[in-house]
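**Student:** As they're listed, the protein sequences go chains W and V. Take any residue in the first sequence, note its place counting from 1, add 121, and you have its number in our numbering. Take any residue in the second sequence, note its place counting from 1, add 121, and you have its number in our numbering.
Be a bit skeptical, because a hint or two may be false.
Since copy identity is lost for identical chains, a pair holds within one copy or between any two.
No farther apart than 25 angstroms at their CA atoms in a straight line, the calculated lysine to aspartate or glutamate pairs in the DMTMM-like style are these [to be verified]:
1. LYS218 with GLU315
2. LYS336 with ASP514
3. LYS167 with GLU315
4. LYS391 with ASP378
5. LYS167 with GLU204
6. LYS226 with ASP514
7. LYS346 with ASP378
8. LYS336 with GLU381
9. LYS218 with GLU233
10. LYS336 with GLU278
11. LYS336 with ASP412
12. LYS336 with GLU276
Please keep in mind that the hints were generated in silico from the structure rather than gathered at the bench.
Protein chains: 2
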Amino acid sequence: MIVEIISTGTELLLGHIVNTNTPFLSQQLNRLGFDVLYHSTVGDNKKRMKQVLSTALQRANIIITSGGLGPTQGDITKEVTAELLDLPLFLDGDSAKNIKMFFDKRQLAMPENNLRQAMMPVGAIIIKNECGTAPGVIIEQNSNIIIHLPGPPRELEWMFEYAVVPYLNKRFALQGIIISKILHTYGIGESSLEDKIKDFIISQSNPTIALLAGKDGVIVRLTAKSDTTVNAEHLIAGLEKQLRPRIADYIWGLDNDTIEANIGKILTQKQLTIALAESCTGGLVTSRITDISGSSNYLMGSIICYTNRIKTDFIGVPSQIIMDHGAVSHQTALLLATNIRQKFTATIGMGITGIAGPNGATPTKPVGTVFIAIDGPLGIQCKKYTFNGQRTDIKYRISQAALHMLRQYTLSL
Amino acid sequence: MIVEIISTGTELLLGHIVNTNTPFLSQQLNRLGFDVLYHSTVGDNKKRMKQVLSTALQRANIIITSGGLGPTQGDITKEVTAELLDLPLFLDGDSAKNIKMFFDKRQLAMPENNLRQAMMPVGAIIIKNECGTAPGVIIEQNSNIIIHLPGPPRELEWMFEYAVVPYLNKRFALQGIIISKILHTYGIGESSLEDKIKDFIISQSNPTIALLAGKDGVIVRLTAKSDTTVNAEHLIAGLEKQLRPRIADYIWGLDNDTIEANIGKILTQKQLTIALAESCTGGLVTSRITDISGSSNYLMGSIICYTNRIKTDFIGVPSQIIMDHGAVSHQTALLLATNIRQKFTATIGMGITGIAGPNGATPTKPVGTVFIAIDGPLGIQCKKYTFNGQRTDIKYRISQAALHMLRQYTLSL
Chain W
122 MIVEIISTGT ELLLGHIVNT NTPFLSQQLN RLGFDVLYHS TVGDNKKRMK QVLSTALQRA
182 NIIITSGGLG PTQGDITKEV TAELLDLPLF LDGDSAKNIK MFFDKRQLAM PENNLRQAMM
242 PVGAIIIKNE CGTAPGVIIE QNSNIIIHLP GPPRELEWMF EYAVVPYLNK RFALQGIIIS
302 KILHTYGIGE SSLEDKIKDF IISQSNPTIA LLAGKDGVIV RLTAKSDTTV NAEHLIAGLE
362 KQLRPRIADY IWGLDNDTIE ANIGKILTQK QLTIALAESC TGGLVTSRIT DISGSSNYLM
422 GSIICYTNRI KTDFIGVPSQ IIMDHGAVSH QTALLLATNI RQKFTATIGM GITGIAGPNG
482 ATPTKPVGTV FIAIDGPLGI QCKKYTFNGQ RTDIKYRISQ AALHMLRQYT LSL
Chain V
122 MIVEIISTGT ELLLGHIVNT NTPFLSQQLN RLGFDVLYHS TVGDNKKRMK QVLSTALQRA
182 NIIITSGGLG PTQGDITKEV TAELLDLPLF LDGDSAKNIK MFFDKRQLAM PENNLRQAMM
242 PVGAIIIKNE CGTAPGVIIE QNSNIIIHLP GPPRELEWMF EYAVVPYLNK RFALQGIIIS
302 KILHTYGIGE SSLEDKIKDF IISQSNPTIA LLAGKDGVIV RLTAKSDTTV NAEHLIAGLE
362 KQLRPRIADY IWGLDNDTIE ANIGKILTQK QLTIALAESC TGGLVTSRIT DISGSSNYLM
422 GSIICYTNRI KTDFIGVPSQ IIMDHGAVSH QTALLLATNI RQKFTATIGM GITGIAGPNG
482 ATPTKPVGTV FIAIDGPLGI QCKKYTFNGQ RTDIKYRISQ AALHMLRQYT LSL
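Only chain W is shown next, with the shape it has when bound in the complex (with noise of 0.2 angstroms):
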């Protein structure tokens, strides 16, 4: 069964929001074992939107529609769908007291307008509105099914989960069941890892292998269709078993995991506990840290020493050290990492030391440059990265290395 979305509205034609009920709407049916092939968004104009919804038909046996159900002249949806398919319209009197009783429960005078909404083709399913006025509106017509929507993301959503999909159910029941295990990974770009599994992607069909690059490190995603979701599990748990040697060095987690979240998992589990002096980061690490619930129990806390006298005052970075190798170098980082450990007596201490630029290179310490240094239980180790970007990536991309570092060192204790 093939879906395409369509979404009404010239707000989105002008770019002022974001789409959030497209990918709603792809997600949930998508798990439901249909084919989301084609999206479309088209401005609240009745010759173009005719255009796209035949378009439409012609290419998917299922369309659901967004937006455009609401009182204003603006809102043209069922009219469109009523004129190319040839339905007239009629006041649909359950439609009708229901619009009215929103406004008496609110005490507020319905706007003669409102009656709008309650206008519907002839055979239409009408679905009621349990978040405001617009009902929606399911049409059978020959092979063809066109759902319309309402605009707003919470009366869409939940007249999706708590209509459109019993519907589907019941109308379908025969679909299979979509489901996709994601794995990430960090430390190797998009085409390496390719590289890596070129065969099984270039081979696969059932489940699918897709790669994508984020801010986080590239992702695997395997996506297997099935009759359940056991067999679907079944089928992805397979291609993973084979993946997993080839690419298992740079995989930390699965699907919905973060690495702060999961550097907390272990940090918890093993009873440790950490400190950080970080430098030209700013705080940054410390603050995705913090953003897990539950992180008071294993982060002690942090010293930012943004200037060379906190580094050398408070965390005892010796300023001979500071003159003779730098702020930004190794023996810098591991003093940091060092002293804080056992300033604020944590398991581990992190010591983060660079040059965020745009301002600050030397000729042998381009913009980018840093050292991370940890110390722990297991000794004490620093790595030097050189990262590339606008400052704020930069800076991204160094906690992202720390937090990695991290995980590693912790793994291991």
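Please build the complex by placing chain V on the supplied structure of chain W, with the hints as guidance.
**Tutor:** Below, chain V without anything else, positioned relative to chain W:
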């Protein structure tokens, strides 16, 4: 000039990512005076992508695609266009060289499949990618223009701004000019703001006034259309002069201003320095301050005092105070501000202590309660706020409140 924006990528059809490229392109193109009338999305499938492109060629003058320029087998946008328009592809030497350099700079070996990105349709205008490896492409054929941009937002936005806009400006010298000016507000809701300037919103048609609630406060956007930039700016200046007196207390910046940058300017100008003691925000406020290049001139450093022991032993908040009043209290916030100021010898000290949630609430202090204190040459002040939302939302809202408090304080200095 009618524009259609086509997003490509199966991940969009699966609903795994929200499409932010399309609203970005729509906004920019509308601002330049183009009519964006259609958005479409299609997966990485040759046949269907060809159909969608064919439809677009019939109804739009300019087609802008995003995505599908990467190095993998799934990246097919250029091939599809070349086939559809019957243009052979050739290996562009310059593009190949740039891609190679991209890897060399990072001291990485270039995977062979990255050369796919240098394959170009004959006769195309090639756009160099300064932020990644995929070059962009502009193809003029008959009355149509097809522009292929990469999918990663940073690359797409950069390329649009620095290559596509100049191209369109030159190619369509006669478009009208649309200019917007943004007034940033803080501390007032969307409907209260609307109430204050409703008469203008209703009566104005050029410039128009739009209110938009974002995570950094409500913005007021004034948009004027005219034959020249000067005339459009003149229209906006006239309206702004009338609006300002009504909402001056809430306006803190213009256009691309950020609160972090504004504070940086004030601190630099007035030669002030700052130090922070952050508890519940976990370093977020300091990290935001350090997003600004040059912040090392005014930020001394911070202590993230996530445990009571750090508050007492390192910032000198007497444990009796914490026992009597709680770590989340007026008293603690004031001492954090005063002591960090003194300890780090800064002009201004800031203390932040609160409950980010979801745990840690008490009967008198619900989740979202926070005390923010500032100490400096004007004396000491402390404000209590209560914010709603998820943990990370609350952290962000506290950081906003803290930065705006800091702005107010330093402005009066």
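**Student:** Take the hints in turn and mark each one as holding or not.
**Tutor:** Evaluation of the provided hints:
no., hint, in the structure
1, LYS218 with GLU315, "between (54 angstroms within a copy, 22 angstroms between copies)"
2, LYS336 with ASP514, "both (9 angstroms within a copy, 20 angstroms between copies)"
3, LYS167 with GLU315, "between (46 angstroms within a copy, 20 angstroms between copies)"
4, LYS391 with ASP378, "within (19 angstroms within a copy, 44 angstroms between copies)"
5, LYS167 with GLU204, "within (10 angstroms within a copy, 33 angstroms between copies)"
6, LYS226 with ASP514, "between (38 angstroms within a copy, 17 angstroms between copies)"
7, LYS346 with ASP378, "within (23 angstroms within a copy, 47 angstroms between copies)"
8, LYS336 with GLU381, "both (14 angstroms within a copy, 23 angstroms between copies)"
9, LYS218 with GLU233, "within (13 angstroms within a copy, 66 angstroms between copies)"
10, LYS336 with GLU278, "both (21 angstroms within a copy, 16 angstroms between copies)"
11, LYS336 with ASP412, "both (18 angstroms within a copy, 17 angstroms between copies)"
12, LYS336 with GLU276, "both (24 angstroms within a copy, 13 angstroms between copies)"
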